[in-house]
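**Student:** Given the coordinates of chain D, work out where chain R should sit on it, guided by the hints.
Sequence lines, in order, name chains D and R. Each step along the first sequence adds one to the number in full-length UniProt numbering, with nothing skipped, and position 324 is 324. Each step along the second sequence adds one to the number in full-length UniProt numbering, with nothing skipped, and position 204 is 204.
Simulated from the structure, these hints should not be mistaken for lab results. Glycine included, every Cβ here is placed at the ideal spot set by N, Cα and C.
Across the chosen pairs, the derived CB separations fall in these ranges:
1) 32/D <-> 343/R: 42 to 50 Å
2) 225/D <-> 385/R: 38 to 46 Å
3) 362/R <-> 327/D: 49 to 57 Å
4) 272/R <-> 23/D: 28 to 36 Å
5) 36/R <-> 229/D: 44 to 52 Å
6) 361/D <-> 273/R: 26 to 34 Å
7) 362/D <-> 271/R: 24 to 32 Å
8) 355/D <-> 27/R: 51 to 59 Å
9) 325/R <-> 72/D: 48 to 56 Å
There are 2 protein chains.
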Amino acid sequence: MTPASTLAAGSAGTVETHFVDLPAPVRLDSGGELHPVRVAYETYGTLAPARDNVILVCHALSGDAHAAGVSATAAAASTRDGFGADDRDGSAGKALGWWDGMIGPGKAFDTDRYFVVSTNLLGGCRGTTGPSSTDPATGEPYGPDFPVVTVADMVRTQRAFLDELGIERLAAVAGGSLGGMQALQWAVLYPDAVDAVVVIASTHALHPQGVAWNAIAREAIMRDPDWQGGRYHGTGRAPDAGMGVARMVGHITYLSAPALEDKFGRRLQFADDVRYTLTEPEFEVENYLRHQAETFVQRFDANTYLTMSRALTYFDLARQHGDGSLAAALAGVRARTLLIAFSSDWLYPPAASEELAGALTEQGLPAELHVIDAPYGHDCFLLEEARQTPIIQRFLEGQ
Amino acid sequence: MTPASTLAAGSAGTVETHFVDLPAPVRLDSGGELHPVRVAYETYGTLAPARDNVILVCHALSGDAHAAGVSATAAAASTRDGFGADDRDGSAGKALGWWDGMIGPGKAFDTDRYFVVSTNLLGGCRGTTGPSSTDPATGEPYGPDFPVVTVADMVRTQRAFLDELGIERLAAVAGGSLGGMQALQWAVLYPDAVDAVVVIASTHALHPQGVAWNAIAREAIMRDPDWQGGRYHGTGRAPDAGMGVARMVGHITYLSAPALEDKFGRRLQFADDVRYTLTEPEFEVENYLRHQAETFVQRFDANTYLTMSRALTYFDLARQHGDGSLAAALAGVRARTLLIAFSSDWLYPPAASEELAGALTEQGLPAELHVIDAPYGHDCFLLEEARQTPIIQRFLEGQ
Chain D
1 MTPASTLAAG SAGTVETHFV DLPAPVRLDS GGELHPVRVA YETYGTLAPA RDNVILVCHA
61 LSGDAHAAGV SATAAAASTR DGFGADDRDG SAGKALGWWD GMIGPGKAFD TDRYFVVSTN
121 LLGGCRGTTG PSSTDPATGE PYGPDFPVVT VADMVRTQRA FLDELGIERL AAVAGGSLGG
181 MQALQWAVLY PDAVDAVVVI ASTHALHPQG VAWNAIAREA IMRDPDWQGG RYHGTGRAPD
241 AGMGVARMVG HITYLSAPAL EDKFGRRLQF ADDVRYTLTE PEFEVENYLR HQAETFVQRF
301 DANTYLTMSR ALTYFDLARQ HGDGSLAAAL AGVRARTLLI AFSSDWLYPP AASEELAGAL
361 TEQGLPAELH VIDAPYGHDC FLLEEARQTP IIQRFLEGQ
Chain R
1 MTPASTLAAG SAGTVETHFV DLPAPVRLDS GGELHPVRVA YETYGTLAPA RDNVILVCHA
61 LSGDAHAAGV SATAAAASTR DGFGADDRDG SAGKALGWWD GMIGPGKAFD TDRYFVVSTN
121 LLGGCRGTTG PSSTDPATGE PYGPDFPVVT VADMVRTQRA FLDELGIERL AAVAGGSLGG
181 MQALQWAVLY PDAVDAVVVI ASTHALHPQG VAWNAIAREA IMRDPDWQGG RYHGTGRAPD
241 AGMGVARMVG HITYLSAPAL EDKFGRRLQF ADDVRYTLTE PEFEVENYLR HQAETFVQRF
301 DANTYLTMSR ALTYFDLARQ HGDGSLAAAL AGVRARTLLI AFSSDWLYPP AASEELAGAL
361 TEQGLPAELH VIDAPYGHDC FLLEEARQTP IIQRFLEGQ
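Okay, chain D solo, but in the shape it has when bound (with noise of 0.2 Å):
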C-alpha cells in the first residue's frame, strides 16, 4: 500500500485487491454447501497487535470490495455508484472506492485507528465466488446453477474469511443498504464477535415497494433474451439491454424526486423545443438514464445482479430469526448499534429504522439512531459524508 502521503490528505493511498481461498464448504440457508468459496478484500489502516481494531464495511447490490482509496489494479475502472457519486468519478477519473468519503485517515472509519477490512460478497462479480465463476461440476461457469444466496450466507462466508486472516473479534460492522442487512445479520448470528453495528439507511426487512422495485429489475432482466436463461456466458450475447432497464429503475429510486427536479427540472437535451421522437432522449434526465445503462453493463454481471438483488428481498429479519417478531429475533444481540436514515430515502424510509430502534430499545440493548434531513434520497448514504462522519465517529469512540 502506498503511503497516504502521496496522495490527497485524507486518502486510504493506493490500494490492491486480494484473495483468500476458503478451507471448507460455506453453508447455505437453501440447504446445500458450496465449494471452493474465493473472497476478493482490501484492506485500510493497520490490524493492531490485539487484532482489536478491525471494521468490516459490507457493500450494497452493486458494489465491491473496493471501498477506499485508489485501486492500483483498475485505475481506469469507476466503481463508485450513484447520483453525484457518479459525477465525481467523471471529473476525478481516479477508481476511488465506493466509501472513500468514509474511509481514510480521519474519516469517519478512521484508519489511523481502525484496520477496515472490505469484501465482494458471496455471489459477487469482481472476485469473489459468484454466477460467473466456474463450476467445478462443469468446468463452465455456474451461471444459472448458481445457488440463490442469502444475506445470512454472505455473512457466514465474511466469518469464514475473518477466520483466515485470524481476525475473530470486530470492533464494528458497518454498510449501507444491503450492507446494512449484512451488519445487523453479524450482530444476530455472531452476537459474541461484534462489539458494534452500524446500519445506514437499511431495513430488516425491505416493505413490498422496493421488493416490487426489485422484481421489476430482476424481471428486465430475465425476459432479455439475451439472458438465456442465465447461460450467456461464452455466448457472445449478455443481457445489455435488461440489465440497462433495470439499473434505470434502480437509479430512479435511489434518488428522491426534489433531487431530480434540482439536478435536471425539465430541461430539454437540445434547444428550446422538442424533436417529435420516441427513440432518441428529449430531456436531460432522460439522456442521463440512458447513460447510467450504458456504464452499468460495462462493468457488472447480470446473473450476480439478479443474486444480489434476490438476497436483499428475501433478508426478513422477523420472519428468519424470530417466527415473525422483530423482538424475538434480536433478542439475542449484544452489540451497541447505530442506525442512520435519511428522510428523503424513500427505498429504505426511516421508518424501518425507527422500528428497528425500538425494537432493540424494548430489548434493553443499547440502540442510537439518526435521522439526518438531506435532500438525495437513498444515494444519501454514499454523498452525505460531512453529517454521518461525527455521528460515526462518537458512536465508535463510545465502546
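**Tutor:** For chain R alone, coordinates are given in the frame of chain D:
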C-alpha cells in the same frame, strides 16, 4: 343503448362504441397533418335540444372510449385500469367502462342531466387512428411512421370530432392524469368553447421523476428485440416482454407504498418460507406484477403505449403556451376550473395542482382546488368515486 333500468341502478347501461371519420386532416404540432383520422367514441345520456349539456371525458395513458356502462361489443374484455379497479373487474367480469363509477344516472357526471362523450385518443389502439392503423401511403400499419403526437394534437382531433357531431360548446371537459392534461389543453386552445374544466390527479407539466418513469417504460419496450424498430405488426411477434416490464413500472407508480403494504405486505406466495428461486415469484406482490403484465399485453398496442407516454411527458403548458410562464399560458383561459388531487399520489403530486390553482387565481380566474386525503396513490382518480362525486356535482351545478 339499453335503458339503465335493465341494469344496476346508476349504470349508463349497455353501450356501443361508434366511429366518425373526420372530413379534414388534423394539423399536428410536429409540423405535418394526419389524414384520414377516424375517432372511436361512446356517449352516455341525452343531448339537449340546445346542445348545451355536453361533457367531454378524456382517458389516460392506457384507456379507451369505453368510459362507462357495459360494453355490448367487448363484454369479455376489461378496459379498466389500475389497482382496485382490476380487482373489481376480476369479480365482476362485465367489461365496465374505466370511469363507470363516475359516469351514469346520479353519478358525478350525471347522465340524467348531461350528455357525456368519450373518445379514444389520437394515437390510440382502440378504434381511433393510431400507430396500428393503416398508413394510406403504404397500405401497411403505420408502426413507427405514425407521427409523434402531442396533447394539443389529441385535443384538436377531439375538436374536429365534436364538430362532426354538431357540438360547438362544452359544458365541461374532464379527465384524470393524461386526461386532465387534455382538459387543461382545451381551456387554453379553445377558451370560448369550454365553460368548465375538471382536472383530476394531473399536472401542467410532469415532474422529472415522472418523465424518468415514462422513459424507463419506453426503454423497456424499445429494447425488446420483438419491437423490431416498431415494425412488429404482421411478424407474429410483439414486444410483450418489454410491454410487461413497462406495465409493471406503471403499476407501481400508480400505487402508493402504504397501499402496497396494506394489500400485500411481505406475504409469500407459498407456505411459510421462500423457495430459493430467482425465476419464480416468491412474494404476492411479485405475482401480482406478473399478472398485471400478462393481462395488459393482451389488450394494448406497444406503439400506442410509446405514443401516449411521449405525449404526456412533452405536455408543458408554460413552455408551449407561455414562453416559460405558467401564468402567461393560462392568461387566455375563460373556463372555471376544478382541480382535484390526492394526498398519496406521488406520480402526479398535489403540488402541481396547487401551482395551477395559484396561477389561475393570479389571473383572476375562478379555480377550486380539493386535495383529497386518500391512500391509493395516483389510482385514486379511478377509485375514490364517493369523495370526488359531491365535489364534482357541486362544481358542475355552479355554472
